[in-house]
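Undergrad: These protein sequences, in sequence, are chains A and B. Number 178 in my numbering belongs to position 19 of the first sequence; there are no gaps in the numbering. Number 505 in my numbering belongs to position 346 of the second sequence; there are no gaps in the numbering.
Calculated directly from the structure, the hints in this document are not laboratory data.
Which copy is meant is left open, so a pair is good if it fits within one copy or across any two.
Once the Cα atoms are required to be at most 27 Å apart in a straight line, the calculated DSSO-like pairs of lysine-lysine come out as: (1) K171 / K198; (2) K171 / K400; (3) K218 / K171; (4) K215 / K171; (5) K283 / K522; (6) K522 / K290; (7) K171 / K522; (8) K454 / K536.
2 protein chains.
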Amino acid sequence: MVNVESNLHHCKFEVPEIIFGRGLLSQIGSCARRLGGHKVFLVSDQGLFSAGWVDKAIKNIMDAGLEVIFYDNITPNPKDVEVEAGALEYIRHGADVIVGLGGGSAMDAAKGIAILVSNGGRIKDFEGSDKIFRPLPPLVLCPTTCGTGSDVSQFAIITDTEQHCKLTIMSRCVAPDISLTDPDTLETLPDEYVCTTATDALSHALEAFFSVASTSLTDVHAIKALRLVSTSLVEAVRERKAADLENLARASLHAGMAFSNSLLGIVHALAHPIGGLYDANHGSINAVLLPEVIKYDIPVVTEKLPELAWGLGHRTDGSTNTASEVVQETLVSMLEAAGAPRSLRSLGVVRKDLPELARKALKDVCIVTSPRQADEKDLLAILERAY
Amino acid sequence: MVNVESNLHHCKFEVPEIIFGRGLLSQIGSCARRLGGHKVFLVSDQGLFSAGWVDKAIKNIMDAGLEVIFYDNITPNPKDVEVEAGALEYIRHGADVIVGLGGGSAMDAAKGIAILVSNGGRIKDFEGSDKIFRPLPPLVLCPTTCGTGSDVSQFAIITDTEQHCKLTIMSRCVAPDISLTDPDTLETLPDEYVCTTATDALSHALEAFFSVASTSLTDVHAIKALRLVSTSLVEAVRERKAADLENLARASLHAGMAFSNSLLGIVHALAHPIGGLYDANHGSINAVLLPEVIKYDIPVVTEKLPELAWGLGHRTDGSTNTASEVVQETLVSMLEAAGAPRSLRSLGVVRKDLPELARKALKDVCIVTSPRQADEKDLLAILERAY
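Isolated chain A, as found in the complex (with noise of 0.2 Å):
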């Protein structure tokens, strides 16, 4: 169980050197050489490869002076098979720092390998809060989507391919050394995932706002990644100007280090499972989630709706009433507006599921955070309000 404290006011705050611009993927290699490394593992996906940005990785790299293995053995959700597999071409090859480039597979695969080359085992025996206790390789990661916060985050999501769920590893061992984001990278990013990964920025911002962990350490990053959303998302899916989606990947930076020091809450807790039993993308199921979420979590939260509200782009009178208002419909009109997807009957899920799914969410980490204490029914209740 996630030790959340008790106090509101004790905060812990920490996150990796952060490094964001547009070209700066050229500095890849000369971050991995200065975290010692002479031989580099390269965890990316065939998108970035098709998109030309891994041999541009690979030359920074090399320029920098180190040798690089490219290993691409990963699927969207990465599978634990894939991260085991990946263990041992990096202990087979002798590398020793990790350089993860892609959306939050590509990280978490990176992060996945990481954990098992110096601590070995099976990947599942590290699921849950602090079961890391050997040191990881230096890694940079380098994040390419609009979502994930992988990058800065103190989470691992790797799918268990035996009982079809989602393992949940949460440990500070698991943030990179440093987070590296070049924004050009998202000029590539196929149309559909701009609005699934925002979405992903757009849930990780709000339930850390939303959190019993949060604190005003987590608070100012969370609102300025709402306000950047709220400025870009639409335009940014519908003409894909470079500005909004490097407001958008700014967003994501924002979001990943108010989450990950705050942690999350309802949507992530139904999401993990969801996505554990479907491989349904992970950003249309919060994107499906939040709404509903959001409308559930609102009554205890009314105090931090006004700052909400403003972080929107609204100037609301102040009241709780008015802002509950602005916040859900804002919500409800941007996803609508974006495209999100609007149910969970459209991603593939199967009603019969739903009370498992919900139970399933009651053991996620993510749930401990959450603002108002849900039991089972809670949850099942929300999986049928957002089918």
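Keeping the supplied structure of chain A fixed, place chain B upon it in accordance with the hints.
TA: Frame of chain A, contents of chain B only:
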């Protein structure tokens, strides 16, 4: 010379692990232990000793199973000779972790000692940007004032007693491993230091916000710091309620996270030579200079003023003219109400020294990120107006 990113969209952001909360000085020993320490070199001062905090810290460190060496041969505006003597003590005792407990002086002295024990030489050898090449011993910094930000910053300021000036040392190496703030320690802070250290934090936040190297990652912390100071400065000075003191401690932390990554400006570029020449209180100098420097900066930062006015607690009409007036009036009236000093003369500055101070300020590392490029004449004019 500091290498400032010419492209403002390029961000670098680095902060240590942060722990903040009332009563958390109790974690000082466990922090030193998990950094691998066995023998703690505890740097503090007589004021903290008299107030009982040093005894508490020593007990916590010993309860964690570590030995402790106490070093308190430091004075405000810590001197090169004190730091060099401290380094010899550290080596003589075979200590292996440094804990700084106190205001900026104790913490900067701790940093200076850390630099010397692993790099050798004289402290003045490390003046400027990125002159430290060997890793420092593990470092935990525990601030006990409402200002400084040394506990999170990449700066150390040491007085050169031969040249009667301040050495500004800037390096990512001098940020500690852990920043541990227990706002309870503010209970025993002498009255005059509440105002002067909080106005240091106020200067950090304002200069960070106006800095040419500011980014969204630093701005969110600068604005939060400004909001906390404007909420609690006057009340904290007058009534010393725990909640207001905690807000100021939190403001100091946010401001430190901002300025450590965006750097500062003319206030600090001028305050360093003044502090070096007269051994005057750093926060008092800042309080006197701040209104004049802000007035000088405002023409070139107009687009940031509405957000700043908002941070200071005002809902303006959004025009920059209104915001400009609001910012200046709020700042002056807040400093007045808090009883901050009003003139350089009152701090012992001698008029004939002003030209020399302006010349020295032009060479200070902090001038580089000033939003407005000042020449010697501009700096002298600011000093004259603040005299």
